[in-house]
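Please construct the entire structure, taking both the sequences and the accompanying hints into account.
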Amino acid sequence: MLGVIGCALIEFVVLCYPQHFPFCYACFALPLIALRLYIYKGLDWHLFLCDFCYFSNFCCLLQVAFPNSEALMIINFAHTMGPLTIAIITWRNSLVFHSLDKVTSVFIHGAPSLMLYCIRWYPAAGANPLPELIPFSTFFGYGFGMYLVWQLYYVVMTEIFYGRTLAHNLEMATSIRWLTAPPYGGITLVAYRAMRRCGVMRQGELFDSETWKTKFIFMGVQLVYTAATLLPVAALWRYWALHTSYLLAVYAICIWNGGSYYIEVFSKAYRKQFEGDAAARRAQAIASLGAPSGVKTPTPVADAAERDGAEEAAQYQGDERRSESDGCGAADGVGGVHGAERVGTASPVKSKKEQ
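So the sequence shown is numbered by the UniProt record's numbering: it starts at 1 and just counts up by one.
Simulated pairs of lysine to aspartate or glutamate, EDC-like, Cα-Cα distance not exceeding 16 angstroms: (1) Lys41 <-> Asp101; (2) Lys213 <-> Glu159; (3) Lys41 <-> Glu171.
Hints were generated in silico from the structure; no laboratory data involved.
In structure tokens:
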């Protein structure tokens, strides 16, 4: 219910008072991020909050406090319209109202871009006038430069500040430990195959989150991803129709992912409930015919379609858990980043998170 009410409030502000949406964003972001930190701290997942998406949200909160900073506006527009928004597609964020974790993940990746959209096209009264054209080089330079600042911050946090703790506590989750725990999928599988083809990874070698080799590989992957997603930003700034269509398309995919989650996962649970009821009815019917109590009731074998549907739902659940490692962690923190497990060992991070 809270998720539906939140979406309704955001829609109301965007449609009726778009110039005030930055304050609406701050009112949602602060408690959601604080609650996630509280929950993740108890699970030893709090280092997910060092990932790029939270860094970008922090910069957006700074812009709410300093609305006339043109440098902050350029940086935030580049980050939110590039890596953050595309992460909704890349990591399959799903608008699932009953899940606080999924709703928070969607907000963290989707709300900042909506805020910058409102600032760009519906500025507040008295705000400094915005330039109609900003060169691609400006967006790319500011956006990529600030990304490198975050990457340095992430390395300092995980290798220096928390380095010893991570070395002694393999249960503590980070994006790199979660993403590269076998079996690989998504961008991890793409990176693994690419490294195998170019000879960086040897035959039978797996990613190991405790080695700099794996860390540098994923820093490189994140660098390429960030650079690629910054390419359309200047065009989005210039053309309202393109900008609007872009965000609507991404949000529609997020809603589709949420609907797919409900259909695939909950329909399977619903079917299991009726399978159990059917078994009980069969037993009752045989008992009513006077069969001895020790007689086993035949259980029909599920047909191929049912088996395929169950397998598909199970696979979808696995993809969902992987795609939203912290709901966000992998989404932008490939460089900051994700880790692997050692050859022949089970991943304590993954097993703990799937419980």
